[in-house]
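Undergrad: Below are the chains, spelled out letter by letter.
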Amino acid sequence: MRATVNRKHLAVLGVLAAAAAVATPAFAQGAVAPQWRWLAFSVFGAIIAATMFVTYLAAKRVKSAADFYTAGGGVSGLQNGWAIAGDYLSAASFLGIAGLISIWGYDGFMYSVGWLVAYITVLLVIAEPCRNIGKYTLADILAYRNNPRATRIVGAISVITVSTFYLTAQMVGGGVLVKTLIGIDYEISVVAVGVLMLAYVLFGGMVATTWVQIIKAVLLVTASIVLVIMVWSQYGVFGDFLSNVVADPKVQARVAQILGDASKGMTPEQLGQRFLEPGLLFKAPIDQISLGMALVFGTAGLPHILMRFFTVPTAKAARVSVIWAMAIIGGFYVLTLFLGMGSAMKVGADQIRAVDPGGNMAAPLLAQALGGGPDSLLGNFMLAFVAAVAFATIVAVVAGLVLAAASAMAHDLYVGVIRGEHVTPQEQVKAARIATVLVGALAIGIGIAAKGQNVAHLVALAFAVAASANFPCVLLTLYWKRCNTGGIVLGMIVGTFTAIALVLVSPNMTYPKPLKAAAQKVLDGSAARKAKIDADLVVAADDKAKAAVAKAQAALDKDVAGAKATLERFGKDDTSLVGLEKPLFELRNPGLVSIPLGFLAVIIGSLLYRDKRAEDMWDELYARQNTGILAAKATAH
Amino acid sequence: MATAVPVRIDWQAIVADPRFQALHVAKTRFLWGLMAFSILFYFLLPLGAAYAPGLFARKVFGPVNVGILFALSEFLVAWGVAFVYARRANAEFDRMSAELIRDAEKIGGRK
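Chains C and F, in that order, are what the protein sequence lines are. Here the first sequence stands for residues 1 to 637, numbered as in my numbering. Here the second sequence stands for residues 638 to 748, numbered as in my numbering.
Hints may be right or wrong, so weigh each one.
As the list claims (entries may be wrong) - Some chain C residues well away from chain F (every beta-carbon gap over 10 Å; in silico):
no., residue
1, Ile-47
2, Ile-157
3, Gly-239
4, Leu-259
5, Ala-262
6, Ala-327
7, Asp-356
8, Ile-446
9, Ala-518
10, Ser-526
11, Ala-527
12, Leu-556
13, Thr-575
14, Glu-581
15, Phe-585
16, Arg-610
To be verified - Once the Cα atoms are required to be at most 25 Å apart in a straight line, the calculated SDA-like pairs of lysine to any residue come out as:
no., chain 1, residue 1, chain 2, residue 2
17, C, Lys-513, C, Leu-584
18, C, Lys-612, F, Arg-645
19, C, Lys-316, F, Asn-727
20, C, Lys-451, C, Pro-357
21, F, Lys-696, C, Ser-263
22, C, Lys-179, C, Gly-348
23, C, Lys-135, F, Ile-646
24, F, Lys-696, C, Gly-236
25, C, Lys-264, F, Val-701
26, F, Lys-696, C, Trp-232
27, C, Lys-135, C, Thr-314
28, C, Lys-250, F, Gly-699
29, C, Lys-283, F, Leu-709
30, C, Lys-135, F, Glu-742
31, C, Lys-544, C, Ile-533
32, C, Lys-430, C, Gln-257
Rather than coming from a laboratory, the hints here were simulated on the basis of the structure. The structure presented is a predicted model; accordingly, all values stated were derived computationally and were not measured. For every residue, glycine included, the Cβ atom is placed at its ideal position computed from N, Cα and C.
Let's have the full structure, built from the sequences with the hints guiding it.
TA: Set out below in structure tokens:
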């Protein structure tokens with residue numbers, strides 16, 4: 001009875017999401033040309049139909065809180081490996097890294113390495129112990145031998161903080177992405193992503209979320225392999241492929257553009273080769289190291305990734321799932337090298353940046369070019385397919401995040417803290433579903449409110465908080481006998497606040513004063529530029545020279561308009577969000593400072609606080625996390 | 638829930654059991670050793686790119702330079718670490734824990 005009602009609701013939600021996506025009157029210009037939009041919607045529709053069908057099947061299986069949060073612990077290692085990849089490979093990594101490589105060459109590829117190495121930490125010290133002692137949430141691990149109330153509160157707050165940062169970046173990024181790809185209005189994209197995700201999570205819980213993530217990961221990997229085969233097949237071995245990159249005039253022009261005056265005197269061959277060398281994008285090595293630390297330690301503290309280890313029955317299955325995830329994620333990042341370099345040749349950095357300055361459109365544009373260009377059926381089919389995969393990517397990642405935040409809210413705060421564990425199984429499931437709707441509505445609301453904001457750094461901030469607060473707390477409660485409630489509470493607070501505070505005073509924020517000064521300089525210099533253009537026009541003899549003058553005029557107009565807009569935007573405003581004229585802290589990522597501080601806070605808090613229970617329970621926790629005694633029994637129910 | 642653990646297991650005795658101690662020592666050395674190696678190897682990449690750009694730019698064959706090979710080696714090393722760990726854990730740690738799980742309720746002399 002109950003299940004039927006649920007499934008009827010599901011159908012309504014599915015139709016709503018599809019209608020929102022298809023019956024949109026207001027189209028802006030997207031990468032997919034209007035006459036091919038039906039193709040994009042057909043591929044979208046097929047993917048939505050498949051995932052809705054999976055959700056329909058899953059809805060029958062979700063009866064208890066364990067089913068809802070962890071699919072009853074019945075996911076296999078292989079399935080979970082694909083689901084982790086689906087949870088982790090967000091649009092930022094799928095589209096973003098290929099884009100970085102296509103625009104910046106080697107540095108973009110170097111950036112991708114940390115995302116894989118992060119899983120070594122997860123594999124060696126986090127996944128199996130968490131499976132052995134955890135239940136549904138990160139705070140379950142913290143509450144094991146510490147004061148459950150205190151650690152659940154700080155744990156849940158940190159989980160919700162991290163998930164909300166990540167979620168905001170996904171919602172805003174997703175809205176922009178769908179708009180850029182097919183021209184659907186930003187708000188409608190955000191609502192469509194939110195409603196679809198709610199349909200999966202609300203009715204299918206972790207069972208549906210897992211399958212949506214698996215489907216998405218399979219689609220993503222398949223699409224990437226097909227593209228790489230197509231882009232590579234015309235060349236011979238690896239060296240031949242790169243020789244063609246080096247010899248490509250578009251690549252050489254791009255390097256000359258980045259280097260500016262420094263490129264004078266370099267041969268075309270040297271320019272092309274420079275694309276394969278470090279230093280075009282990253283100037284400050286310490287920033288790279290700080291970001292690397294946030295990635296390598298933060299992944300192990302991401303609640304939606306940790307939660308995936310509670311869905312498998314044993315520690316061994318957790319191990320198998322990380323190994324599969326590493327194979328898939330690593331293989332994918334190796335493919336991005338070819339996607340990025342391929343689009344640098346086939347599409348060119350200028351055209352990629354014209355559609356999206358961040359380079360996110362590199363892979364979709366490559367697909368279109370490989371299929372035969374903007375006017376061909378195959379080219380547009382491939383573009384539509386990649387666009388649909390990107391959309392599925394966002395929905396799958398968002399579903400995992402919402403589930404993690406909702407479990408912290410319902411399981412830790414409501415059931416654990418407010419109700420003191422005294423709830424019926426029905427109430428638990430109900431609380432989980434209500435929390436899901438709340439978080440889902442919040443995600444849609446934030447997504448719409450944050451329109452036009454630069455949220456790219458929020459993913460890095462989520463990793464930084466996870467690395468500075470969650471990771472030290474989880475690691476030390478698992479491996480350090482003296483760790484106790486005092487350490488967890490202090491570590492969570494110090495880690496979270498230093499990471500956020502350092503970002504608020506970092507160069508990531510917008511500082512109007514230098515921007516306004518630069519804009520004023522452009523305006524002041526515009527008269528001289530105009531005079532030069534006029535002089536050039538007089539002496540311009542042939543069409544080529546005239547075209548050059550027209551181009552210079554267009555560039556001048558654009559610069560002046562941009563400068564005026566900047567001055568208008570900030571008005572009398574001279575300071576950043578927190579009232580600074582210039583950054584106080586020079587690193588873009590706080591990890592280098594906030595991670596050690598987080599560890600230090602856990603250690604100091606533990607040493608200053610006396611907690612007999614935490615010490616008494618150490619043997620039990622340590623024996624269980626190492627061996628898995630009682631773990632199999634705990635999941636059987 | 639954590640507190641619902643049956644009292645009949647003597648955790649102190651399990652931790653004191655020589656088989657658990659052997660597992661603990663083997664795991665601790667192996668895991669933290671691998672972990673330290675992996676992290677150091679990873680940070681060699683941004684450090685090398687920043688402080689030894691000349692080395693990274695040195696061509697090995699065709700246009701393929703040290704930097705590209707080193708970045709690719711990061712992937713191989715990560716997979717290698719996963720492989721080495723999985724082999725040891727499957728062969729050794731799992732067997733040691735299986736024994737402890739089997740005898741968990743007997744260790745410490747309680748019934």
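Undergrad: Evaluate each hint against the coordinates.
TA: We went through each hint and held it up to the structure:
C/Ile-47, annotated as away from the interface, keeps every beta carbon of chain F farther than 10 Å; the closest lies near 29 Å. The Cβ of C/Ile-157 lies farther than 10 Å from every Cβ of chain F, with a closest approach of about 20 Å, so its non-interface assignment holds. The claim that C/Gly-239 is not at the interface with chain F is violated, since a C-beta of that chain comes within 10 Å of its own (minimum 4 Å). Non-interface call for C/Leu-259 relative to chain F: holds, since the shortest CB-CB distance, roughly 14 Å, exceeds 10 Å.
Separation of C/Ala-262 from chain F is adequate, the least Cβ-Cβ distance of about 14 Å exceeding the 10 Å criterion. Non-interface call for C/Ala-327 relative to chain F: violated, since the shortest CB-CB distance, roughly 7 Å, does not exceed 10 Å. Once the 10 Å rule is applied to beta carbons, C/Asp-356 is consistent with being away from chain F; the minimum gap is 25 Å. With a cut of 10 Å on Cβ distances, C/Ile-446 stays outside the contact zone with chain F, its closest approach being about 33 Å.
No Cβ of chain F approaches the Cβ of C/Ala-518 within 10 Å, the least distance being about 27 Å, so the stated non-interface status holds. With a cut of 10 Å on Cβ distances, C/Ser-526 stays outside the contact zone with chain F, its closest approach being about 38 Å. Distance check on C/Ala-527: its Cβ is at least 41 Å (rounded) from any Cβ of chain F, clearing the 10 Å threshold; non-interface status holds. The claim that C/Leu-556 lies off the interface holds: its Cβ sits roughly 36 Å from the closest Cβ of chain F, which is beyond the 10 Å cut-off.
With a closest Cβ-Cβ approach of about 32 Å to chain F, C/Thr-575 is found to remain outside the 10 Å limit, as its non-interface label requires. Residue placement check: C/Glu-581 keeps its beta carbon more than 10 Å from all beta carbons of chain F (closest about 29 Å). Consistency note on C/Phe-585: stated as away from chain F, and its beta-carbon is indeed over 10 Å from all of that chain's, at 20 Å minimum. C/Arg-610, annotated as away from the interface, keeps every beta carbon of chain F farther than 10 Å; the closest lies near 20 Å.
This hinted pair checks out: C/Lys-513 and C/Leu-584 have alpha carbons roughly 14 Å apart, not beyond 25 Å. Distance hint between C/Lys-612 and F/Arg-645 is fulfilled; the C-alpha atoms sit about 21 Å from each other, no more than 25 Å. Our distance criterion of 25 Å between C-alpha atoms is met by C/Lys-316 and F/Asn-727, whose separation comes to about 8 Å. Restraint check: the Cα-Cα separation between C/Lys-451 and C/Pro-357 comes to about 17 Å, which is no more than 25 Å; the hinted pair holds.
Between F/Lys-696 and C/Ser-263 the alpha-carbon distance is near 20 Å, which keeps this suggested pair within the 25 Å criterion. Only pairs whose Cα atoms come within 25 Å are accepted, and C/Lys-179 paired with C/Gly-348 is accepted, the gap being roughly 22 Å. Proximity of C/Lys-135 to F/Ile-646 is assessed by CA-CA distance (about 20 Å); at most 25 Å being required, the pair is judged to hold. Between F/Lys-696 and C/Gly-236, the direct Cα distance comes to roughly 19 Å. Compliance with the 25 Å bound is thereby established for this hinted pair.
Of the pairs offered as hints, the one joining C/Lys-264 and F/Val-701 holds, with about 24 Å between alpha carbons and a cut-off of 25 Å not exceeded. Restraint check for F/Lys-696 and C/Trp-232: satisfied, since their Cα atoms lie roughly 21 Å apart, inside the 25 Å limit. With a C-alpha separation of about 12 Å, the suggested pair C/Lys-135 and C/Thr-314 falls inside the 25 Å cut-off, and the hint holds. The hinted pair formed by C/Lys-250 and F/Gly-699 meets the criterion: a straight-line CA distance of about 20 Å does not exceed 25 Å.
In summary, the hint linking C/Lys-283 to F/Leu-709 is supported, as the alpha carbons are separated by about 22 Å, within the 25 Å threshold. In summary, the hint linking C/Lys-135 to F/Glu-742 is supported, as the alpha carbons are separated by about 22 Å, within the 25 Å threshold. Restraint check for C/Lys-544 and C/Ile-533: satisfied, since their Cα atoms lie roughly 14 Å apart, inside the 25 Å limit. Restraint check for C/Lys-430 and C/Gln-257: the C-alpha separation of about 58 Å exceeds 25 Å, so the hint is violated.
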